[in-house]
Amino acid sequence: MKVMYCTLLSALFVCAPATAQTAMPIIAGAQDAAVLRAGTSVPLKMAEALTTNGKKLKVGQRFQLQTAEPIALNGMTVIPAGSPVTGEVTEVRNKGMWGKSGRINARVLFVRANGRQIRMSGQLDDKGTTGTVGVVGAIAVIPVAGFFVTGTSANIPLGAPATGFIDEDVPVAFAGGAPAAMVVAPAAPAAVVAPIKVAPAASVPATK
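Residue numbers (the working numbering): 10 to 217.
No lab work stands behind these hints: they were computed from the structure. Some hints could be false.
As the list claims (entries may be wrong) - DSS-like mimics (lysine-lysine), calculated; alpha carbons at most 25 Å apart, straight line:
no.	residue 1	residue 2
1	136	67
2	64	136
3	54	67
Stated by the list, open to error - Listed next, with one range per pair, are the computed distances between beta-carbon atoms:
no.	residue 1	residue 2	range
4	91	70	19 to 25 Å
5	99	168	17 to 23 Å
6	180	68	32 to 38 Å
7	182	65	16 to 22 Å
8	121	167	16 to 22 Å
9	128	89	17 to 23 Å
10	83	114	15 to 21 Å
Backbone N, C-alpha and C fix where the C-beta goes; we use that ideal spot for every residue, glycine too.
Whenever a hint applies, use it, and build me the whole structure from the sequences.
So, in structure tokens, the structure goes:
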């Protein structure tokens, strides 16, 4: 019994550090949970390039970004760095004659983190260089020549920085919270078993 008691105490003390480890956050709807507020800034970077070169980019086309830094709440990471973010192209203008430059406008839609899709907002854009100076010079010499001078394509390269914003209040509950130190209560004393008294056997008379 003493061996079992010591083994039980050893197991409890070994388990205590594991219990004290911080659990992953759970994005939930608990009223008493911490809240990641709408408007929180989220650094992003492009996970793919966008360009008007080739005239393949279309309005409504979705593309991928990712969080560039972790977003923390109360010292706990809620949105890890590298979380996938989805954006959408809202305007495309291809480069054209008379020095017209290309243009891309896009918006951030949402981020996926800890099993939940969180709505986001934010704009990003790029505009190519116009060929205005060349056009003016060409028109001054030969009016028709300006038609053949084009601007440049718009490009948002892979890895380009951007900024998004959380667009909704997100309640966050941390699984397990901050666990209290484990208190090991002393085991109840084992019941003392009274010794069994064995009466001496009655003497048997010797057989003649």
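Cβ-Cβ distance between residue 121 and residue 167: within 16 to 22 Å? holds, 20 Å
Do the beta carbons of residue 180 and residue 68 sit within 32 to 38 Å of each other? holds, 35 Å
Take a look at whether the Cβ-Cβ distance between residue 91 and residue 70 falls inside 19 to 25 Å. Given a distance of about 23 Å, which is inside 19 to 25 Å, the answer is holds.
Does the hinted range 17 to 23 Å hold for residue 128 and residue 89 at CB? With Cβ atoms ~18 Å apart, the hint holds.
Given the hint of 16 to 22 Å, check if residue 182 and residue 65 actually sit that far apart at their C-beta atoms. This hint is violated: roughly 44 Å between Cβ atoms.
That 15 to 21 Å hint for residue 83 and residue 114 (C-beta), does it hold up? Since residue 83 and residue 114 have Cβ atoms about 36 Å apart, the given range 15 to 21 Å is violated.
CB-CB spacing for residue 168 and residue 99 relative to the 17 to 23 Å hint: holds, 21 Å
Restraint check for residue 64 with residue 136, where alpha carbons must lie at most 25 Å apart: holds, 14 Å
Is it true that the CA of residue 136 sits at most 25 Å from the CA of residue 67? holds, 15 Å
Distance restraint between residue 54 and residue 67, which requires alpha-carbon spacing of 25 Å or less: OK: residue 54 and residue 67 at ~21 Å, within 25 Å.
Hint check: violations occur at hints 7, 10; the rest are consistent with the structure.
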